[in-house]
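**Student:** What follows is each chain in one-letter form.
Number of protein chains: 2
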Amino acid sequence: MRVIEKIAEMQSWSDRMRAEGKRIGLVPTMGYLHEGHLSLIDSAKKVSDIVVVSIFVNPTQFGPSEDYRSYPRDLEKDVELVEKRGGDIVFHPSAEEMYPEGYVTYVEVGGLTENLCGASRPGHFRGVTTVVGKLFNAVKPHIAVFGQKDAQQSIVIKRMTADLNFGVDIEVAPTIREPDGIAMSSRNTYLTQSQRSQATSLFRALGTAEQIISGGERDSDKVIGQMKEIINSQPDADIDYVSIVDAENLKPIGEIRGKVLIALAVKFGKARLIDNIIIDAG
Amino acid sequence: MRVIEKIAEMQSWSDRMRAEGKRIGLVPTMGYLHEGHLSLIDSAKKVSDIVVVSIFVNPTQFGPSEDYRSYPRDLEKDVELVEKRGGDIVFHPSAEEMYPEGYVTYVEVGGLTENLCGASRPGHFRGVTTVVGKLFNAVKPHIAVFGQKDAQQSIVIKRMTADLNFGVDIEVAPTIREPDGIAMSSRNTYLTQSQRSQATSLFRALGTAEQIISGGERDSDKVIGQMKEIINSQPDADIDYVSIVDAENLKPIGEIRGKVLIALAVKFGKARLIDNIIIDAG
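Protein sequences, first through last, are from chains A and B.
Numbers 67 to 348, taken from the numbering used here, label the letters of the first sequence in order.
Numbers 67 to 348, taken from the numbering used here, label the letters of the second sequence in order.
These are computed hints drawn from the structure, not numbers from a lab.
Positions of the beta carbon are idealized from the N, C-alpha and C atoms, including for glycine.
Take these hints with a grain of salt, some might be off.
What the hints assert, rightly or not - Ranges between beta-carbon positions, derived for each pair:
hint, chain 1, residue 1, chain 2, residue 2, range
1, B, 136, A, 177, 40 to 50 Å
2, A, 86, B, 320, 49 to 59 Å
3, B, 284, A, 89, 16 to 26 Å
4, B, 100, A, 142, 42 to 52 Å
5, B, 160, A, 89, 54 to 64 Å
6, A, 71, B, 180, 54 to 64 Å
7, A, 189, B, 259, 47 to 57 Å
8, B, 100, A, 71, 39 to 49 Å
Claimed, not checked - DSS-like, lysine-lysine: derived pairs with alpha carbons at most 25 Å apart:
hint, chain 1, residue 1, chain 2, residue 2
9, A, 317, A, 288
10, A, 72, B, 224
11, A, 88, B, 224
12, A, 336, A, 288
13, B, 111, B, 88
14, A, 224, B, 294
15, B, 333, B, 294
16, A, 88, A, 288
17, B, 224, B, 288
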């Protein structure tokens, strides 16, 4: 498994592959890979000749009081997992390689980044769009695969990619869950055993929302109310947001109609977990 | 001469050229081409196999009260001039092609964009870096050539290109002047005959600055004072700024040392003219 650490080396490798007519797929990750990430490699392999997995814990998408330093890392195991899953290259630049002294340029997507996670993590999406733009320029992929778990992220990245003409196809692959329904996340490792069992309430709340809506409920406040009740009955749950928004423009909606995104973020101790489902309410 | 109007068509043309091993040079312009632009084509031809000249009056770099609508345009003549000068492709997208409905993404360079033209044209450089990022993704050049007349612009673009890893070499070609010393600019067409002759004071002020500094003066306020005197003796001159800044970080300097950029912007009636020189004061 080749691990590339320098942007210039990554670019010339990609230029060579493109000149050979190879289709490059990119799976951008922050590492500490789990089945959710690995399923993205599967998705990428279906539509590319070569799959590059980037592993970079991106400092610019963490707030000052967030978990950049403590975010779990295990490059050796990650490289092994990528190899086993059939990835071709790991791109693993250092923070200094990506953000050298004097770095001052940012990519910003307006409108879509102000609510949901954008409201509680100011600057987060600016960091995400900036690093994804840089990764696109470094890896020069034809397609890139993101996970549905980060629903707002994938919508913001689709917008940025179209707006700036990156010419990269964005695919969004389904959320992969543990047997108990918890969405896979590197941050699940922060949970104590008790919090871990309490965190199953997120998936249950989403399931309940789906049921109520398919039963005919169209008032989003009522649905949100019931979801919050389920989550708040967990002693350690600290709700950041539970929202129902238009699945395209992410604007909050009062009446549930068409394609809606039901998204939530809840803290359990040190872990801030997110999850979501998209429902077509007709 | 092939004129390409669609981004997707431009991208697949560039992909083909790159696959053939051709080196693509880009000369980004707002059209109404003069010898200054055409000299950029010469520079590009020296280091590329194929030269693309983009012609796009970019709305996002004009302020609401600026001259976007009245900016001079003459596509037919421009295409003829590019052909005569040996350019290969004109890329001429519409404003709707570049900024379709729902467009919300911008590239911002911090720090370098706050003084000089950035101070009097808020949002200008955000528009410039955004459109140049889009042009880079559309044309996929190996090198791009900008004019020294827009000194701050070329420094900002160099920074953005490095920061976002565009992998494009940025060349800056010398300012081309009329016989009377006025820097060539599409906006010179706004000048009345009298203003036109008054505007030669900009070049004289820069020349005076160079003389005083080579004579030993190191106090930038004194140099600026003499420059302003020359310009203010013109009845229609309305100085926006006359500044001496570090040629790398664009920060104002009190004592003239090392490489300095002496830059100015002056309005004559409807025309806001800029000019500059770089001096190595040792």
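**Student:** For every hint, state whether the structure bears it out.
**Tutor:** The hints, checked one at a time:
1. 136(B) / 177(A): 40 to 50 Å: violated, 30 Å
2. 86(A) / 320(B): 49 to 59 Å: holds, 56 Å
3. 284(B) / 89(A): 16 to 26 Å: Given about 59 Å between the Cβ atoms, the range is violated.
4. 100(B) / 142(A): 42 to 52 Å: violated, 59 Å
5. 160(B) / 89(A): 54 to 64 Å: violated, 30 Å
6. 71(A) / 180(B): 54 to 64 Å: With Cβ atoms ~34 Å apart, the hint is violated.
7. 189(A) / 259(B): 47 to 57 Å: The hint (47 to 57 Å, Cβ to Cβ) holds, given that residue 189(A) and residue 259(B) are roughly 52 Å apart.
8. 100(B) / 71(A): 39 to 49 Å: Once the Cβ atoms are compared, 46 Å apart, the range 39 to 49 Å for residue 71(A) and residue 100(B) holds.
9. 317(A) / 288(A): holds, 18 Å
10. 72(A) / 224(B): holds, 20 Å
11. 88(A) / 224(B): violated, 30 Å
12. 336(A) / 288(A): Answer violated: residue 336(A) to residue 288(A) is near 29 Å, above 25 Å.
13. 111(B) / 88(B): holds, 12 Å
14. 224(A) / 294(B): violated, 50 Å
15. 333(B) / 294(B): With a Cα-Cα distance of about 13 Å, the restraint between residue 333(B) and residue 294(B) holds, given a limit of 25 Å.
16. 88(A) / 288(A): violated, 51 Å
17. 224(B) / 288(B): Roughly 31 Å between the alpha carbons, so the hint for residue 224(B) and residue 288(B) is violated.
Checked against the numbered hints above, the structure violates hints 1, 3, 4, 5, 6, 11, 12, 14, 16 and 17; every other hint is satisfied.
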